[in-house]
Amino acid sequence: MEEQNENQLNIELSEEIAEGIYSNLAIITHSNSEFVLDFIRVMPGVPKARVKSRIILTPEHAKRLLSALEDNIEKYEAINGRIKVQPDHPGFPMNFGGTMGQA
Numbered sequence: 001m002e003e004q005n006e007n008q009l010n011i012e013l014s015e016e017i018a019e020g021i022y023s024n025l026a027i028i029t030h031s032n033s034e035f036v037l038d039f040i041r042v043m044p045g046v047p048k049a050r051v052k053s054r055i056i057l058t059p060e061h062a063k064r065l066l067s068a069l070e071d072n073i074e075k076y077e078a079i080n081g082r083i084k085v086q087p088d089h090p091g092f093p094m095n096f097g098g099t100m101g102q103a
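If you count the sequence shown from 1, position 25 lands on 25 in our numbering, and the numbers rise without skipping.
Rather than coming from a laboratory, the hints here were simulated on the basis of the structure.
Quantities reported herein were computed from a predicted structural model and do not represent experimental measurements.
Beta carbons are placed, not taken as given, at the ideal position from N, Cα and C, and that holds for glycine.
Hints should not be assumed to be uniformly reliable.
Said to hold, decoys possible - The list that follows gives simulated cross-link-like pairs (lysine-lysine, DSBU-like), each with its CA atoms no further than 30 Å apart: (1) Lys75 <-> Lys48; (2) Lys63 <-> Lys52; (3) Lys75 <-> Lys52; (4) Lys63 <-> Lys75; (5) Lys52 <-> Lys84.
Said to hold, decoys possible - Pairwise CB distance ranges, derived in the manner of DEER restraints: (6) Ser67 <-> Leu25: 19 to 27 Å; (7) Gln86 <-> Ala49: 14 to 22 Å; (8) Glu70 <-> Ile27: 15 to 23 Å; (9) Pro47 <-> Ser67: 16 to 24 Å.
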């Protein structure tokens with residue numbers, strides 16, 4: 001019989017969740033007791049965007065998420081090179097800087 005570590009967590013990932021949801025915009029808000037991360041997909045030429053996923057975290061977990069993201073970005077950049085970030089632009093470009101397509 002195999003012994004399980006008491007600190008081991010068994011995590012289940014359904015097929016639907018495993019597919020993921022694409023997001024190219026995140027809006028983060030907070031109160032004194034929680035951080036709310038709204039993940040949004042903005043499409044070129046579409047003036048309305050919809051929140052695709054909302055994650056609510058305690059302040060402590062938000063800080064842990066920040067640390068984990070920093071660690072993973074550091075590891076990514078060590079292998080793939082520095083991630084280039086465009087200078088801040090006023091507002092969000094609704095046409096993504098390209099031309100509008102026509103059908």
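Okay, which hints does this one fail, numbers in order?
1, 9
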